[in-house]
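**Student:** Taking the hints into account, I'd like the entire structure generated from these sequences.
Top line first, the protein sequences correspond to chains A and B. Each residue of the first sequence is one higher than the one before, starting from 1 at the first, in our numbering. Each residue of the second sequence is one higher than the one before, starting from 1001 at the first, in our numbering.
Think of the hints as simulated: they come from the structure by calculation, not from any bench. The structure presented is a predicted model; accordingly, all values stated were derived computationally and were not measured. Ideal placement from N, C-alpha and C gives every residue a C-beta, glycine not left out. Please note: incorrect hints may appear among the correct ones.
Simulated restraints on C-beta separations [as the list claims (entries may be wrong)]:
1. Glu-1036(B) with Lys-48(A): 17 to 27 Å
2. Val-1124(B) with Lys-48(A): 42 to 52 Å
3. Arg-41(A) with Leu-1136(B): 46 to 56 Å
4. Gln-105(A) with Pro-1059(B): 47 to 57 Å
5. Pro-1059(B) with Ser-58(A): 12 to 22 Å
6. Met-83(A) with Ala-1135(B): 44 to 54 Å
In silico contact screen, one side only, chain A against chain B (beta carbon under 7 Å); selected entries [stated by the list, open to error]:
7. Arg-41
8. Val-54
9. Asn-109
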Amino acid sequence: MDDLSPKVQNQIAQFQQLQQQLQAVLNQKFQMDAQVKEMARTTEELNKSPEDVVIYKSIGALLIKVDSKETILKDIEESKETMEVRLKSLERQEKSLRDRYQALQDQLNKALSTPSGQPLSSM
Amino acid sequence: MNEQELRQAMSTLELFRAQLESIAENQQLIQISLEELGRARETLNQFQNAKEGDELLVPIGGNSFVFAKVATNAKAIVGIGTGISVEKSMDEAIKTMDDRSKELLDTMNKLNDRRLAIEEQANVLSQAVQQEVQALQRGN
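**Tutor:** See the structure below:
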């Protein structure tokens, strides 16, 4: 690492930072995606249930009886829409990070392939 | 393989390792869920034999129990995600557990297939990298 020029060292640090940022965005996206899928599944299950189905909503450790199936369906739909908007924004963030990641990776590959770059055996 | 290709191959191998790790973690989680569903199914099944008014002990944690009585053995409450639960007949509740177990088993099998495919790719690539590194070392 000491053999590398300060510029390349800086690029490696940036690359590692980008990797972490990308991983964080991917994790958030994965969690949000799972939540959206869960909501779709709940909606599907509720729609399949008879009109007079008894529904409970969990509030902490308690289950509270819900009066209207329609209200619950509306609540879930609203939360799902909000979540989908956030998911889209995360996707944009992911794309931008991936582009920067790819560009930096190409730059580093080029820099490390030159004689002044890092020798392969020390990688 | 030139140096750049070798570097690329090594980073691909690292990616495979991370993917295999993630698959193993997911499989562990699925296994835990399958065991939990199995326990729930068995409890629902046994509960059908309980008569209304029968005394039972409800675990409250800390190895402690409180006394309760069976109100009905005909229905149960089943979570359907997003913090919502619905009342189902006992048969439906048991079927829900079975359906979920089946879905999880399917996912488990898919993950197994994926794991085997990645392991195979990783083995091939790893051998190629090893041969290349040895050739480079001999060249030096």
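**Student:** Could you work out which of the previously given hints the structure breaks and list their numbers from low to high?
**Tutor:** Violated: none.
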